[in-house]
Every structure is written in C-alpha cells, then in structure tokens.
Amino acid sequence: MTKYRVNKTKHVDQTKIVSFNFDGKSYHGFEGDTLASALLSNGVHLVGRSFKYHRPRGIMSSGSEEPNAICQINEDTDLTEPNVRATEIELYEGLKASSQNCWPSVNFDIGGINNFISPFIPAGFYYKTFMWPKSFWKKIYEPLIRWSAGLGKSPTKPDPELYDHKHVHCDVLIIGGGISGIIASKIAAKNNLKTILIEDKNILGGSTIFQKNENYKINDKYSGEWIDEEIAELKKLDNLTIKTRTSLAAYHSYNYLLAKENISDHLPLVKRNGGIRQRLWKIRADKVIVATGAIERPLVFNNNDRPGIMLSNSVKKYLDFYGVSCGFKNIIFTNNDSAYETAVSLKEKGISVEMIDIRKKSNSKIVKNAEQLGVKIYWNSTVVNTFGLRKIYSIEIMNLSEDGSNVVGNKIRINCDCLAISGGWTPMVHMHTQSGGKLDFREIDQTFIPNEIDKNHINVGSCNGDFELEEIINNTNKKVKNFLKVSETEFDNTSVINSKELNKRNIWLLPNYISEGKCKSFIDFQNDSTAKDIKLALREGFKSIEHVKRYTTTGMATDQGKLSNMHALGIIADTAGVKMGTLGTTTFRPPFTPLTFGSIVGRSVGNFFDIIRKTSINEWHIQNKAKFENVGQWKRPWYYPINNEGLHEAVQRESKAARDSAGILDASTLGKIDIQGTDASEFLNRVYTNAWSKLGIGKCRYGLMLNEDGMVYDDGVTTRLGENHYLMTTTTGGAANVLSKLEDYLQTEWPELDVYLTSVTDHYSTASICGPNSKKILKKIFPDKDFSDDAFPHMSYQNGKIDEINCRIMRISFTGELSYEINIESKYGKSLWEKCIEAGKEFKITPYGTETMHLLRAEKGFIIVGQDTDGTMTPIDLQMDWIVSKKKYDFIGKRSLYRSDTIREDRKQLVGLLTDDPNEVLEEGAQIVSDMSKKPIEMIGHVTSSYFSPNLNKSIALAVVKSGKKMSGQKLIVPMENKNINVTVSDSVFLDRENKRINA
Amino acid sequence: MFLINCPYCGERDQSEFSCGGEAHIVRPKQPTELSDDQWAEYLFMRKNIKGVQFERWNHAHGCRKWFNMVRDTSNDKIHGVYKMGEKPPVE
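Protein sequence lines correspond, in order, to chains D and L.
Following my numbering, the numbering of the first sequence begins with 1 at its first residue and continues without gaps.
Following my numbering, the numbering of the second sequence begins with 10001 at its first residue and continues without gaps.
Bear in mind the hints are in silico, worked out from the structure with no lab data behind them.
Errors might be hidden in some of the hints.
[To be verified] Here are some, though not all, of the chain D residues that point toward chain L, as calculated from beta-carbon distances under 7 Å:
{"id": "1", "residue": "Lys236"}
{"id": "2", "residue": "Ala249"}
{"id": "3", "residue": "Ser253"}
{"id": "4", "residue": "Tyr256"}
{"id": "5", "residue": "Thr433"}
{"id": "6", "residue": "Glu749"}
{"id": "7", "residue": "Asp890"}
{"id": "8", "residue": "Arg895"}
{"id": "9", "residue": "Thr902"}
[As the list claims (entries may be wrong)] Okay, derived cross-link-like pairs now, EDC-like style, lysine to aspartate or glutamate, Cα gap no bigger than 16 Å in a straight line:
{"id": "10", "chain 1": "D", "residue 1": "Lys438", "chain 2": "L", "residue 2": "Asp10076"}
{"id": "11", "chain 1": "L", "residue 1": "Lys10029", "chain 2": "D", "residue 2": "Glu708"}
{"id": "12", "chain 1": "L", "residue 1": "Lys10065", "chain 2": "D", "residue 2": "Glu938"}
{"id": "13", "chain 1": "D", "residue 1": "Lys962", "chain 2": "D", "residue 2": "Asp992"}
{"id": "14", "chain 1": "D", "residue 1": "Lys779", "chain 2": "D", "residue 2": "Asp789"}
{"id": "15", "chain 1": "D", "residue 1": "Lys455", "chain 2": "L", "residue 2": "Asp10076"}
{"id": "16", "chain 1": "D", "residue 1": "Lys217", "chain 2": "D", "residue 2": "Glu468"}
{"id": "17", "chain 1": "D", "residue 1": "Lys888", "chain 2": "L", "residue 2": "Glu10033"}
{"id": "18", "chain 1": "L", "residue 1": "Lys10065", "chain 2": "L", "residue 2": "Glu10016"}
[To be verified] Some chain D residues near chain L, calculated using beta-carbon distances under 8 Å:
{"id": "19", "residue": "Glu81"}
{"id": "20", "residue": "Tyr254"}
{"id": "21", "residue": "Arg284"}
{"id": "22", "residue": "Gly436"}
{"id": "23", "residue": "Gln747"}
{"id": "24", "residue": "Pro751"}
Cβ coordinates follow ideal geometry from the N, Cα and C atoms, glycine included.
Required output: the full structure, derived from the provided sequences and hints.
Below, the structure is given as structure tokens:
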C-alpha cells in the first residue's frame, strides 16, 4: 500500500494489484480504481497542461466534469484514444496513458512560456493578432496555430474494434443510478412497468454509496448502508434492466434517447478478444425520469488552478470510495455545508484539515460536527493567492468585507498539500434542456432548475434542485408516484435524518487585494479562460452569453463547460448589473460526453457502409475481369480491360468495336417503372414535356421530365406495352426519386387519375446489344422473328421467347448505333447475357462498360442528366426545343419555360466543342473564357463531357456556354494551369446527324 | 427524432418518413393563365413559420402515402395528422 492509500473500502479490492504506466513510468493501483484514483494513490497530481497558457494542471474531480486530467491512452497502438478523462477510465492491467498538450514533457513544457506572456494574449487574441500582415497567414500563422492547436493525437490506423447498435423500447427509462434514480426504478419496476435504468459508472449508488455519517440517516441506517440494501433488492426485480457503464449521450424529442454502453473499455487489451467494444442504445421510452444529479461548483479566485486544488466532494470520494487521501494537510475552501462532510470524513480518519468559509457563520449540524472534531474554521474569509508550480504548497487568505465585495485585514499564509474547493452545486439539467425543456432560475442558491411542462418526462433528485437528503427522498417518491400514477410505495413513510443547510452566501468572483488585471482567476480550466477575459469581452461590447462564450472560448472545451458555465454567467450578470436569471444559459447540445465515431457508425463500416446493388449478370462481369464503378448504390462495369489495358486503351477498343461490329452493355440498372391504368397516357402527358396520347401500342418514345421550375429532372425511354400499360425507364441514379415524384403528383395533385405505379427495376435484367451486326445477333437468338425495318422499326418493341421464357425486345438506342435491348426476368439475366455473347461470338461481340457508353452517346450528342445538366438547365438551354410540346395545355414545368429568367438569351446553353489540336482532350469541369484581355476574366461556361473519339479520331466535348446557341464556329479558350487550349464551338452532335446508323 | 402517427400505419419512427414542406399549396389548374409573379408565388414562396405549421409528409419507408401534419416548428410538437384531401383539424 502506498502512503496515500489510507483507507480500506469495499469498492477497491486491495488484494488485486493492477500495474499501469503513466507518462512512461510504471505504477500500481488496485482493481476498482480509476486511473485518477490510482495516480492520486501514488501521489501524482500533475497530469496535464492547460490548452492556452500550458499551465501545470492536476486532477480536479472524480467524474465526467473533469477539465484537466485528460489523457491519450494506449499510444502507438491501433486502439489509441485521445481526450480520455482519467477520472472515468477504469484501471486495468497494462493500461498505458500519457499527458496531452505538453512538449517535451508534462514537467517541462516549452509551451509554458505562454503563461508568462499571458498579459499579451487576452481573449480574442487570435482574432485580433493574426489578421496582419495578411501575407503572414498562409506560411507563418496558420502552420503555427495548427501545430499548437488540438488536443491529443487521433489514431492513424483503422479501428480494429467492433461497435454495435441496439434499438429498445420501454415504459420507463431512468437516467442515473444515484439515490433518486434507485427510488424511481424500484417504484416503476414494482408497478409492472418495463423499466430500464442506466448509470454511467460501473456501480449504482451515486455519492450516497460512500456516505457514512451520523448526520445522514435513512430509517435509522447510514444512508450508504440503506442504499446498499436497496440496490440488492433492485437487482432481483424482473422487469428492470440495469445498464451500468452506460452514459446517456442525447435526449431527443418524443423521448428518443441515445446511450453509449461501454462493454470492453475496462478490460485489459489482451482480454478484449475482438468482441464488441461499445454499444449505442437507441431507446424510445414512453416515460423518462431524469436523475442525473448535480455537480459541484469550483470557486473562482486568483491562481485557483494549481495541481492539488480539487473539488471538495471529489476529495471525499477519493477518500471514502477509493481509500485515497489526496493530501495530508488539507484545506477546504467553501461557501456551503456540503464541504463539511469532506472535513468530517478526513478528520475521522485522522487526517489534518482546516476550513475556510466565505460565510459569516453556520450553525447546522454538520458544521457543529466538524467543530466538535476540532476542525479549525476561518469564517468570512477567502483565498487570495495560492503557491506551488507543480503542486500546491501554501495559500494566502484574507477576511471579506461586510458586503463581500472586497477583502480587509491582514493576509494569513497557511501551508497545505491539497486545497479542496466547493462553490455549491449545479443541477445537471443537460438532459432536460436537450429534450426541449426550459429552465427557471432559483435566486436562493443561484441555480437553474427544470421548468417541467412536458408530460412525458420528469426530473428528480438533485438535478431537479433538491439537495437535502430528506427532500430528495420525499420529493422523488411524490413526483414518481404522480408521474406513474401509483397510489402508494414503500418509500411513503421513510424516516430521514439530515443536517440542513441554514446559511448561504455566494460570490461568483471572489475579491482580491491584487488588481483584477493581474489575477489569474480561472473559470474554464481546460480552455484557460479567466474572469478577466469575460470582463474584457463585456468591455469590448459583447452582450449575449452566446457571443461571450465564443469570443472567450469559455465552456467550449471537451468538458463543454460543465464546471465553468455558471460562473461565466454569474460574472457577466454581476459586471453588467443584471439579474442572472434574465441572461438565460448557453444551449446544451448533445452529446453530453464525447462519443466515439465507432459507436455512432456501429456496424455500418466496410462492406456494410451502404447497400451494394448488383445486377444478375454481375458474376459474369467479375469472371471477365471488369473494372467496376459505383453508380449510386449499383456496381456497374466501368470497362473490361484485356491483358494490361488501362482505362483509355480499353475504352478506345470497346467503342470502336461497338461501332464497327457489335457491343453489349449490361443496362439492368436503369430505373424501370411499370405504369398501368386507364389514365396512364394522360399521366405521361402531364409528366413529360412531349405528347404521349398518340403513341401506338408497341412503340417507344424518349421523354424528358422537368421539375416545376422548368429544369431538366430526368430522361428515358418509355414503351407502350398495351392500351393502358407502359414501361418507363429512368436514369440509374434517378430511379427512386422519379418514382417518389410521380407518386407525389398522383396522390396529391391528380388523385382523380386512374394510374398505378410499380417499381420493377430489380425484376428485369437488360442486355443492350448495339452495332451494325446487332440485327444478325438478334436473329440468331430469336430465329423466328422478323427483324426487318418494316416489321421491327427503330423505337418499337416486340415480345419474344428464349426457351419458353418471355422477354421484351426494344429497338432503342443510346449510342446512335442500330441497337436492341432485351428485358428478361432477372433470374434469367445471366443466361440471357451468356446467350448473347455466344450468338455474338462470330461478330466479335465486345462487352463494354459505362465509360464506353458515355463516349458513344457523347459522339451522338445525347445528354446525360446529371452530367451535362445540373438542375439549372431547361430543355431550351439543351437545344432540345423539339421535345417540348407546343400543343399540350400543361405539363410539369411548362409555365416556367417562359419566366423572365428562363427566356433570357444569355443563359448557359449546351454546345459541342472541338479542340484546335484534335489530340488535345479537355478536362471535364474546365472553365471556358472568350476574352483574356479584360480582367477579371469572365468565365462564360464549363466543359461537361469530354472524350477522345476513336470513331472520329479526334477529341470531342460537350459544354455549357453563355449564349452558346449563337456561337457556332466561334473560337473560345479553355485556360488550364499551365496552358490555354483553343477550341471552336460546334454542333453538339458529332456523328451521324442523319441517323443513318440507327436506322440501318 | 419524432414519433409520427401515420394515418394509414400508426406510430412509426421519423426515420421512415420524409418531409415535403408546406402543405395546402395547390398547383394552379391553369398555369398558363398566370403572370410571372403569380407563378413565382406558387413555385417559390413558402411561409416558413415559427409556430404552428401545416406540412406534407410521406411515409417513404412504409406505405409510401402522403399525408398532412400540423407541427409547431418552435418546439416540434405534433398537433395532428390527416389524410390528403381532408380538412386540417380545427385548432
């Protein structure tokens, strides 16, 4: 046992030694310790440096509010994690932790120089200084700020651990396993409600569990003993799920809550065995009872941040729960009674302690108890200074003036090795406000407490502002009964003894004989903002608490201001002379404590990141070494390299083959919507720009769909299968959205239409065969069919059969070649494809991918919605006036085509571009200019599609250019990083304007 | 995360739904009769109220039906849902 381990407790098993490493040095702790308690048991207080001034900082608290003791754990492993609070991590064998924000070491830190130049780096320093000279920003200021910014190091390797999500529903969710949470859980579960209790620590009981004081008794037992028995009974209840090591991250509307369960973070690395590390619980609760407790406030005085200065209740917890004394000559500085419990605990164990109280007197039982034990109390006094760089060794105190605004009398110097501070308690109202709840300000103890109007959740215990044991038990019982509609409970006649606080005094910023400008009175310990910074912000004109927060960075560190927000508000109110309750608070946003990315993502990593859609022909593509491209969720063959071909070579070969003989494309991914109903033709008339009523059965037509704003939304070929039956195709990426849009219009605008829509994208596979020999191949597959132009013309469809399997053959073309598409039920897709390949063998049929498809259609000047359009192109802009019906009275987007903006002649319009050097291929997205002499040079458009065409043996491009329609033959320039490319505006159809190939 | 009472399916998680913006904006029957300003009023102008708002919602990952919802945008309280074509519940 180390000398600071003064006490044996049941929570720490002192027979089980655990060794760990901190900052390269080996230490021992015990099972049950946290990293913080183990470090303190070894006398280590200094654990980190502050963010801005690099001041030495020590462990301050024992929970999630810890601002200083944040560590990097397991550095140099895949499992490394920054910003872990030493107060929360359970000690395990082999744990390796190190200080952050110091270089080269926590004891000697170069950045500490900031502390001495701190008068020159006030609030807003960065905003004010790094503005000038402007040229310094990129090379000097930014790299310097980047080097010094940030806490800890992110892991550099993929996270090897598993994370999980779980959805649960319950009648009652109780957040917090302290005394009020335990009472609430017992009432709920015993009244037949499916109840979940979550607690972020590894055991239940909160701070009551280590309470053993004559002044706090329940039913004649020490409150700690009473709660032990309650917990034992709780564990026997059937409809109660208790989740320890589970912290609530977010409380969303309609009682939807997220909680993170730590499953293996407390185990030695060797015992984790690749199991699940953390599980995110997604809870929908009928009713929620918040019992998150309160956190102790620090006091704000000069040099209140030295290692060895800790929250008073934490000093008590380290002593009574972990058996560790934080010092042997303790001073407790307080403004309230709760700190006397710490004094009594210390004194009873024979450890030296003195009290400094800003109040003039208190006659409560617990204070008398301390006095009887011989604790010396300095009333009406305040600490004015502290001494000790790496650990506190003495303090100076002075008396307060009558109104508390100043100090009077002589300084007294007292030696100490630990200064416990207590500025009262702040209810943890985060959950209440996250859920949308409002707060009321209670003057008597300067707290914000929940204002409950929501019927589906209540707050109980100290998070509701009940701080006295008797109030906690009685009010919790009463509120929970009311909330859950229970008439009587076992807690109805609980007898409680507790010392009541009789005197209160609160001073947000304690006065000093040293001038304010020279005091370092820290408010936000992690971000180093001081009372002076807040006052400076106010002098500079910041009024809103939200602005002061951002300007001074108060409350913006990883602890989210759990310890600092109230003091910042208090000092603002005092300085501005307004009531604190009128200021409001800053917004509490989730997560309450940081979440790992892993827990947010869960199992959705790697192959599970998103759904992968594959066509029924996919296996063939893989066997034939296709390179794939992602199109939405689909895996589409991009190109099929032979031997060592790259993209360019393969695409040149594939597109030449498709035009010279035959090519085959897997077109199964195109969206397919089956449209039926007596009003199907009328419906198509309304959603497409062109007319549909006269389309004969068995014919196909290309359609363009607009948004109501007149901009092109989607396109595709629709086939009339029967009198009241159509098959619409959409772009691959637009399929789901088109269906939604059509459904929307049918349900909301035109409910009178008799039309039924069914998505059949996945039901059919499509092989698209193109090229001059495609007709011969089709003839081989369907020997009984007449493929003559008269019997089966372009833009028509026929039914066919392959070995008794029905299929649909459409003669349509996206390449400008003679082309057929065969649709067959998906399960036969692969055999259809193989049949086509077999039949095409003698014509050297060449499978081609999306890249060749894009090239072929660009040669023909066919647009791709989403590549050549971007939501700002009308059909007129695309020079597709021919597809816009003049006769139809209305269709989606029609009226917008002649708004003042859409009829402007200088809109960007689709044109072709030819490079003066036919071998020069433009970059897609490149800007286009016409006049380089006038600065700034006006960008008049950009390249949307660009390829080298093997069939034309030159580079071709599509582009959108302002007033492009009128520019045919005009010379333009495409400026690149190191050269300017000269281009000529051309027609957007580069090949076979007369459609000889399609109709061949 | 809302709990939405789909008029066809009952209470479901918000993740099953998508919001279609302000409700009761009827597409003009004769768009060609409208001036640019009148058409723009239909096309672009939305109230974006802080307070009680009527909205269109779609049970996209469910029955795929569109319906209307009365929601207070200031506190996300849902005051009611009703089918397309029905009159909003009287406040």
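Which hints from the list above does the structure break, by number from lowest to highest? Violated hints (numbers, rising): 1, 2, 5, 9, 12, 13, 19; every other hint is consistent with the structure.
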